[in-house]
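Visitor: Each chain, letter by letter, is given below.
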Amino acid sequence: MADIVDIAVNTDGFKTLVTAVQVANLVETLKSPGPFTVFAPNDAAFAQLPPGTIQTLVQNIPQLRRILTFHVVPGKWMKADLEQVSSLTSVEGSPITINLADGFEVKNATVLTADIEADNGVIHVLDRVILMG
Amino acid sequence: MTTTTLPPITLPPSTHEFADVVHRLEAGGSMLPDTPENLMQIIGIYKAYAVPMDFYWRDLLYIAERVFLNPLPAFKYFLPQEYLDLPNHYAGEHADLRIWRGEATAHPELLEFMKTGEMKQKLPRLFHHLWHDRINMEFAEACMRAMFWHRGMGGQFDPYLDSAEYKANADRAIRAYFQGNPVMLGLYQLFPEMFLEQVRQLSYYANLGLFWEVMAPVFFEMSDLYDEGKITTVPEAMNFLVNGIFAIAGRPIYHHVYIRGECYEIIPKSKGFMWLYEAALPYVEAVFYRTSPFRGTKSYNAQAKQVPDNQADFHYGILYADVFPVGSAGIPPTLLMQDMLHFLPPYLVDYYKQHCRGEDDMLIQLGISFQRSMYNVTSAVIQALRTALLYPLDDPNPRHLMANRQFFEGQLDRFKRPEARLRDIQRQNYR
Amino acid sequence: MLSTLIWFPFLGAIAIALLPPRPLKLVALAISGFVLLWNVWIVTQFDSTTPLLQLQEYLPWLETLGLNYQLGVDGLSLPLLLLNSLLTWIAIYSSQEQTERPRLFYSLILLVSGAVAGALLAQNLLLFFLFYEVELVPFYLLISIWGGEKCNYAAMKFLLYTALSGALILLAFLGLVWLQGAGSFAYEAAMGDTLPLWIQLVLLGLVLVGFGIKIPLVPLHTWLPDTYVAASAPVAILLGGVLAKLGAYGIFRFGLGLFPMAWANLAPVLATWATVSVLYGATVAIAQKDIKRMVAYSSIGHMGYILLGGSALTALSLVGAIAQMVAHGLILAILFHLVGVIETKVGTRELDVLNGLMNPIRGLPLVSALLILGGMASAGIPGLVGFVSEFLVFQGSYAVFPLQTLLCVVGTGLTAVYFVILLNRTCFGKLDNAIAYFPKVEWRERVPALILAIIIFFLGIQPAWLVRWSESTSTLMVAAATPSLTQPALAQAAQIAKVQK
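Chains as they are written, first to last, in the numbering used here: chain A, -8 to 124; chain B, -3 to 427; chain C, 271 to 771.
Some hints could be false.
Said to hold, decoys possible - Derived Cβ-Cβ restraints for the label pairs, each shown as a range:
1. B:Gln175 <-> A:Thr104: 55 to 63 Å
2. B:Arg256 <-> A:Val49: 31 to 39 Å
3. A:Gln50 <-> B:Asn306: 34 to 42 Å
4. B:Gln299 <-> C:Thr553: 31 to 39 Å
5. B:Gln299 <-> A:Gly124: 35 to 43 Å
6. C:Pro709 <-> B:Leu107: 33 to 41 Å
7. B:Met190 <-> A:Asp3: 56 to 64 Å
8. A:Gly124 <-> C:Glu620: 50 to 58 Å
9. A:Asp3 <-> B:Asn306: 49 to 57 Å
Stated by the list, open to error - Under the rule of at most 30 Å between Cα atoms (straight-line distance), these lysine-lysine pairs were calculated in the BS3-like manner:
10. C:Lys615 <-> C:Lys700
11. B:Lys349 <-> C:Lys615
12. C:Lys710 <-> B:Lys116
13. C:Lys420 <-> C:Lys295
14. B:Lys349 <-> C:Lys700
15. A:Lys6 <-> B:Lys349
16. C:Lys710 <-> C:Lys295
17. C:Lys710 <-> C:Lys700
18. C:Lys420 <-> B:Lys349
19. B:Lys163 <-> B:Lys265
20. B:Lys349 <-> B:Lys111
21. A:Lys22 <-> A:Lys70
22. B:Lys412 <-> C:Lys700
23. B:Lys301 <-> C:Lys700
FYI, nobody ran anything at the bench for these hints, they're computed from the structure. For every residue, glycine included, the Cβ atom is placed at its ideal position computed from N, Cα and C.
Please work from the sequences and hints to get the whole structure.
Guide: In structure tokens form, the structure reads like this:
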């Protein structure tokens, strides 16, 4: 199996995410043994952000890194595991609410594809970039 | 009034006290009714606010970065040319993100005012300063102090000020700043916490300065767009702000100090502090909602519970303020109104002359316009938060729409207090 | 030259009524301004060291009736003459630009001014009575035409009361002259001290009740609150500032002056009466909810001090009483003017509605500040004219009527009580955002109050300018009423004065 980064690179629809991860120097981290759970917004999700948002973040690596690490949770949380919890703490430090009552929702995003397993964790694909707060 | 174009899936009407406002927010509107008169007032005020703000942010950064711990900062409001020329990161040709199409250096109207002042006379700067014919930096400091006094309003910036890492950074800067000054260094040995607290306050100077550096070009651009006929409704003005909030959400918040040409990073950019979380939201909470009662306008008896026990229950900000006492000497809102008075666009001056006491009470009239405009800014913040944390207004899922509604109603609950001005700004004859 | 004070306003009144000039207010101001200047000039001609009548004028008129045109001024009437012409000018100045039927309004005011000057100058009892009656009808019209709510009722009440007052006074004058068998109504011929004491007492009683209505003294005061409240601000200024003083002047001139012995006998009663007036006026004022009515009741209280000073019969207390007439006239004028301004701007006089007028931009800050000054002056705060006169009255009266004086001092304290209520509710507190869209106060409306405030303040720190005119006259009047044993030197002075005549 491939690691989280490889899967993202080799799957269509994650161009923005991959670029962002590369710019933020998070590739090495996400290639490390982990394990991690990554909530990965697809390109459409990034496209929903108002203009300029990405540009500012790309200009400011620590801030970009912070947003990206908010999408990462230590440990390997499969959808089934998440039924037990209502909230996870992200690498960034802020909590991420999980709602499985009606579909699979992570904060205000909906999981499009759940449980894409990788060597060093699992990926859940989101339809929206989630933000702290 | 906005024509309420209800989303395809409709919720039952809200039963909230401000149901009208809830519905307007759900339709993508602002808390401020959409009338041409409101639009003219808020845009004119944004412009009048942005000019002194262009001074505020520069001077706040100057104090945070250069004046630093000067024990006798008599000249902290004397902005050196270097800071007047400091390029705004969001205006001018070389901007990180060009929000305003104008210049990155200080606004020409500001420079003109600094030269001649209200007296329209070129005098040495000291005279203008002592005559109080200048930009009232005291207002900016009052805002900073409100943020610093309330503290802990979310974000990682404030907790960081109490971390060992921050203390170590500050310590290095303090020692460097007072190098060769045994008196101050001795005092520092005796009262280290006092010095640290001063540095924390200076970090808030930097925080607010960096916050306003963004807002000034945003407001200038809105004014220009209005003049060009490209902003025609209140929701458009609000949406411009919403987009602005997102576009610069990631701008770093930091505190650098320059001592003898060397940069000391008290709060390095690498901490990842962001404009939205570490500056904008605490600012809105501290200045729009909480602050503290204006001095000199009313006596409060803390024993009689006229002042809340809990600082978080303070509601004396611009959204609640009684603008009528403005004019009493030295209170921060008066200082701001005075500053804005110098830069009103002509259409607002004409407008105020036609109402109430004309020129005599222009300070209050523009204060109330300012209140309207800040309700619009708050609406933008509410809509931005809704965008970031909740769902689109046309989300097909009724559960999501209900979550949006609960969010809006929760926000509006804060305006149920009797002193909140949300009711008043719904009326045009509140001026 | 004293005649000018009477006839110039009369002619002015006729001119305004008949001639075409358009800015009527300006013409009226010019006329009253001229009279004021003329009055100031008379003051410069006045010799304050002599207690006697000065600048006398005499014209035989109806010799057979004993009615002659006889004028003179002394230390009792001089301050009041000046007050009259000043307040007339102020009243005209403070009238609204858009006064209805301005021709009649200004004519009547000038008529009143001339008549009051005539009454103050007249040295013939009948002549005094004529002038005293002449101002009656103009006042009636001023109240009923330009008054506020219930003004017809108030004007009628005023007319009835003051007509009764006039009748009583005429009765007393006729009785005095006939019983003495004097051939003339000339003032100096009419001294009543040759009559039996009981007749003197009866006549004095008539005079007291007659003028007591005008002052007014409790319980003859019931016309006052209605009238003052119904009258427009300029008319209220004249009523309280000038007309009430005419009553006090009458009591001193024709009560104390003509029946000094009887007056001395009645003094304890008068002092007690004064005290009742003071306390009644103050306590009723505290209960008021209408600021104009409150000021009106304060007037009743403060006129009591004048009677107290008069009844104590010491030179000091009498000087104080005369000073109090002037002080009260000034203070009442400023208060009525400011209350009038507040009523026109805010649209109410209700204490429960008024609030926060001190607000610097949206309130009426200068008006409020001056109102506070007026209230302080009225409550006798040192440094203002009210303190000077009240202190003189108390200082002069305490030795004679300690209990009454102390109670009157309590009355001053009560004055502070109701003014604190008035000022606290009206000027302080939070301006109500819902209603606070008052029109701005024009300079035209501030000027009268500013002038009065300056005078109130100036006389407060420079009281000599207030009292020096009346010192010798009051010494003489006191001497006439007190047995020569106690004040031999003064009695001598009085004797010399009589001989000189």
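Visitor: If a hint holds in the structure, say so; if it doesn't, say that too.
Guide: These are the hints, each one checked on the structure:
1. B:Gln175 <-> A:Thr104: 55 to 63 Å: Cβ of B:Gln175 to Cβ of A:Thr104: about 59 Å, so the range 55 to 63 Å holds.
2. B:Arg256 <-> A:Val49: 31 to 39 Å: holds (34 Å)
3. A:Gln50 <-> B:Asn306: 34 to 42 Å: holds (40 Å)
4. B:Gln299 <-> C:Thr553: 31 to 39 Å: holds (33 Å)
5. B:Gln299 <-> A:Gly124: 35 to 43 Å: holds (37 Å)
6. C:Pro709 <-> B:Leu107: 33 to 41 Å: holds (39 Å)
7. B:Met190 <-> A:Asp3: 56 to 64 Å: holds (59 Å)
8. A:Gly124 <-> C:Glu620: 50 to 58 Å: Holds, at about 51 Å.
9. A:Asp3 <-> B:Asn306: 49 to 57 Å: holds (52 Å)
10. C:Lys615 <-> C:Lys700: holds (17 Å)
11. B:Lys349 <-> C:Lys615: holds (19 Å)
12. C:Lys710 <-> B:Lys116: Judged against 30 Å, a Cα distance of about 28 Å means the pair holds.
13. C:Lys420 <-> C:Lys295: This hinted pair holds, its Cα atoms lying about 26 Å apart.
14. B:Lys349 <-> C:Lys700: holds (25 Å)
15. A:Lys6 <-> B:Lys349: violated (57 Å)
16. C:Lys710 <-> C:Lys295: holds (22 Å)
17. C:Lys710 <-> C:Lys700: Distance ~18 Å between C:Lys710 and C:Lys700 Cα, so the pair holds.
18. C:Lys420 <-> B:Lys349: Outside the cut-off at roughly 39 Å; violated.
19. B:Lys163 <-> B:Lys265: Holds - the C-alpha atoms of B:Lys265 and B:Lys163 are around 16 Å apart, at most 30 Å.
20. B:Lys349 <-> B:Lys111: Roughly 27 Å between the alpha carbons, so the hint for B:Lys349 and B:Lys111 holds.
21. A:Lys22 <-> A:Lys70: Holds - the C-alpha atoms of A:Lys70 and A:Lys22 are around 22 Å apart, at most 30 Å.
22. B:Lys412 <-> C:Lys700: holds (20 Å)
23. B:Lys301 <-> C:Lys700: holds (18 Å)
Going through the hint list in order, the structure does not satisfy hints 15, 18.
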